[in-house]
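Given the coordinates of chain A, assemble chain B onto it according to the supplied hints.
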Amino acid sequence: MDMLEIFQIAGIGIFVAVFYSILKEAKREELAQLLAIGGVALVTLMVIRLISELFTEVKSVFFLY
Amino acid sequence: MEILQVVGVGIIATVLLVIIRKQRPELAVQLSIAAGVILFLFILTKISAILQVLDDLAHQAQINRYYLTTLLKIVGVAYIAEFGAQICRDAGESAIASKVELAAKIIVMVMALPIILALIETLINLLPQGGGP
Chain A
1 MDMLEIFQIA GIGIFVAVFY SILKEAKREE LAQLLAIGGV ALVTLMVIRL
51 ISELFTEVKS VFFLY
Chain B
1 MEILQVVGVG IIATVLLVII RKQRPELAVQ LSIAAGVILF LFILTKISAI
51 LQVLDDLAHQ AQINRYYLTT LLKIVGVAYI AEFGAQICRD AGESAIASKV
101 ELAAKIIVMV MALPIILALI ETLINLLPQG GGP
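Residue numbers (the UniProt record's numbering), protein chains in the order written: chain A, 1 to 65; chain B, 1 to 133.
Possibly wrong hints are sitting among the right ones.
[Said to hold, decoys possible] Label pairs and their calculated CB-CB ranges:
no., chain 1, residue 1, chain 2, residue 2, range
1, A, Tyr65, B, Ile12, 33 to 39 Å
2, A, Arg49, B, Ala49, 24 to 30 Å
3, B, Leu123, A, Leu42, 54 to 60 Å
4, A, Lys27, B, Ile50, 54 to 60 Å
[Said to hold, decoys possible] With a Cα cut of at most 16 Å, we get these calculated EDC-like pairs of lysine to aspartate or glutamate:
no., chain 1, residue 1, chain 2, residue 2
5, B, Lys22, B, Asp90
6, B, Lys46, B, Glu2
7, B, Lys46, A, Glu57
8, B, Lys99, B, Glu82
9, B, Lys73, B, Asp55
10, B, Lys73, A, Glu57
No lab work stands behind these hints, which were simulated from the structure alone. All figures in this text were calculated on a predicted structure; none of them were measured in a lab. Here a beta-carbon is modelled for each residue, glycine too, at the ideal position from N, C-alpha and C.
The shape of chain B in the complex, shown without the other chains:
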């Protein structure tokens, strides 16, 4: 099964990292990046399958495609930011990691704004016009 491969790669990469960590810490960071990338590339095929199902369901439910793509963009931005921030934190640079996460939050906020505005507009339309006393 796939999980066995993933765990195997993880353990082998960890063991190799421990060997290299003492003499060549800079190569150890790059080896951990490479292992992270390989593991995620393997999972990405599964994620795209899930997203395909989500896409079809949204299509059947006549949901506006724009909202789904924005949602997926936000998930993608969140993942890449977490990937980068975690690498920086592993290398000991938590200051840079927090900056990366701050930037990611702002980018996600900017992306989510149109949806929030649309939501507020629909809410306002629901309210009775000219309201009671």
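Extracted from the complex, chain A is given alone in its bound form:
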């Protein structure tokens, strides 16, 4: 039961949310957008790795190969 991924994703989410509003206040809309997209990309990488692990496990358990 590794809670690591959940906390990492939540941390990235909070980090991006905070810095998004900070950059917005500093009148840097484009940087804020870039930060949001970067956050989404990073989290997507982690989630895709998790999903591929799930699919390989399910394939082996349910003879789905």
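Just chain B, lined up with the frame of chain A:
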């Protein structure tokens, strides 16, 4: 016990989701996917133990292994389709979710066809040949 861990992870993930949902909805969807995957990976070891017992019982009962593996494949396809459809529905895309479920139904039907044909053949063989009046 395991159930305490599962409920703990579920509640923590839900709380974190509520925090993130307002500012960054796209990250919230991915966090719910990650939580779902982690919970299921934890349960998968239990499921494989159950399937092992089923396998041994089928072996002792001399049931054809093909039928059991097809059954398990159908269960696996149904689970993955439900997993994907539920994620799409959570994100608000119920149209995509229904398409995924439709595809899953068709795939399961295709997988079940050989068994249905075998069943019908055995039924036909049971009937008396050339039937009465």
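Against the structure, the hints:
1. Tyr65/A x Ile12/B: 33 to 39 Å: For Tyr65/A and Ile12/B the Cβ distance comes to about 34 Å; the hint holds.
2. Arg49/A x Ala49/B: 24 to 30 Å: 26 Å, holds
3. Leu123/B x Leu42/A: 54 to 60 Å: Given about 57 Å between the Cβ atoms, the range holds.
4. Lys27/A x Ile50/B: 54 to 60 Å: 59 Å, holds
5. Lys22/B x Asp90/B: OK: Lys22/B and Asp90/B at ~15 Å, within 16 Å.
6. Lys46/B x Glu2/B: Given pair Lys46/B, Glu2/B holds - Cα atoms ~10 Å apart, limit 16 Å.
7. Lys46/B x Glu57/A: This hinted pair holds, its Cα atoms lying about 12 Å apart.
8. Lys99/B x Glu82/B: OK: Lys99/B and Glu82/B at ~11 Å, within 16 Å.
9. Lys73/B x Asp55/B: 13 Å, holds
10. Lys73/B x Glu57/A: 13 Å, holds
The structure is consistent with each of the numbered hints, conforming to all of them.
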